[in-house]
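Asks: Protein chains in written order, with our numbering: chain A, 636 to 904; chain B, 636 to 904.
Simulated coverage check for chain A against chain B, where a stretch passes if three residues somewhere in it have a Cβ under 8 Å from a Cβ of chain B:
no.: 1; stretch: 758 to 770
no.: 2; stretch: 807 to 821
no.: 3; stretch: 835 to 849
Just so you know, these hints were derived from the structure itself, not from any lab. Where is the CB? At the ideal position from N, CA and C, for every residue including glycine.
2 protein chains.
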Amino acid sequence: MTVKQLSLPELADACTDLGIRNVGLWREPVRAHGLEATAELVRDAGLTVTTLCRGGFLTAIGTKERARALEDNRRAVDEAATLGTDTLVLVSGGLPAGSKDLRGARERIADALAELGPYAERHGVRLAIEPLHPMFASDRCVVSTLAQALDIAERFPAHQVGVTVDTYHVWWDDTAPAQIARAGSRIHTFQLADWTTPLPHGVLNGRGQIGEGAVDMREWKGYVEAAGYTGAIEVEIFNEDLWARDGREVLSQTASRFLQHAIQPPDAP
Amino acid sequence: MTVKQLSLPELADACTDLGIRNVGLWREPVRAHGLEATAELVRDAGLTVTTLCRGGFLTAIGTKERARALEDNRRAVDEAATLGTDTLVLVSGGLPAGSKDLRGARERIADALAELGPYAERHGVRLAIEPLHPMFASDRCVVSTLAQALDIAERFPAHQVGVTVDTYHVWWDDTAPAQIARAGSRIHTFQLADWTTPLPHGVLNGRGQIGEGAVDMREWKGYVEAAGYTGAIEVEIFNEDLWARDGREVLSQTASRFLQHAIQPPDAP
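Pulled out of the complex, with its shape left as it was, chain A reads as follows (with noise of 0.2 Å):
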């Protein structure tokens, strides 16, 4: 998604030049291309896919709608499988139309994931409910914290149900690295972008370049690793000024980014 304007085929191109071996998925692209077209382009490139975004959107109250949510996601999770990755992202979904109901949404979401945690684990598929920044708290994720995220992924399996570390959405919470070592092995995967101001209307693409913003990438790396987390580090950047610019030059910068503001030593030259 941090290079949206390339097609996949250009993506992988690219991830081939630029020695990147692991890619984050979502699922609009892939239906772009084609499920099956993916999977054999991803496979040809030599890449693994870290992640598919994104399932979710679980807090519909109606019968009708709760069931089209569910065979959703079960429809996610098949996909996953195919493009041979073990993790479907979920966005929770915001608060129904009227409703001020935040606990209840959140309760539907556990419902719904006693449901999908054993369909998701016969296809090999873990389920990580990422929290959003509470900004997106009314209209996109009731799941605010990773606190909450992990009172409801509690309930499963860790292989059934884990949670999203993505730095834009818990650099805030001085509670947040407590609970990233609560987390554990439920630690599903650890996303970067960096927070930057002013936030642009609507604020979901305001995310900043790893670099640029309030973030500080080593320091939750740190705690991510201290809780266990050995997996792939995914980059996700929402941000129109990114995907004006020419893809593979912001997939280059990104790649170095990320090692300038992630893994070589503060001080490196």
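Keeping the supplied structure of chain A fixed, place chain B upon it in accordance with the hints.
Replies: Chain B alone, transformed into the frame defined by chain A:
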């Protein structure tokens, strides 16, 4: 601030006409009208000033800048005392340019309060730390939750330093009800605004009129009352659309929304 299109004399008149006996003021319009003139105006109108907004911005690192901030806060305390209010609301300040150290910034706030708390007490004024929504953590207020605010406030006597509970900033936080109970007599003021989306560019002026968003006002009023709060309830909305309308009409609408959504039983006609 909800009706900043009204001059202070117009505001006093409108309050009198609508039977509103309490008003929260901001420093800028007070300064524009004159401090002594404002004190006389509210006295003559029989209005009680609930709080003065705002002191704070205490996160600077440099010695000179810190001294300037402390001096400005002492002036704000003096102004509060002159206006006859016992509460100065503090917006703590964001990260200094280039800093990623939220913890350090929060500690500098505590350091400043060790100087300002006793000064305020001598003038009969309490300092009310206002946690701002986490979307303001980098550029406006590094104190994002009631828990963080209380962690600082509790280092001082409750009659020196407490907190502001504003529904707009805490509504998403499932730990906030317990923190309100923890706060008890440290709740120095209680403010209402509703959460609506989409947020505008810069997110500052997107607060919703009471009843138009995701916040259950009665629920939060119940929490602060259960914690022993008996003070005034302020409505503080920053909203370009409200500011573009006739100020008296907005004040009247706000008063009636307040009654409808915070005071009357939910099934009132």
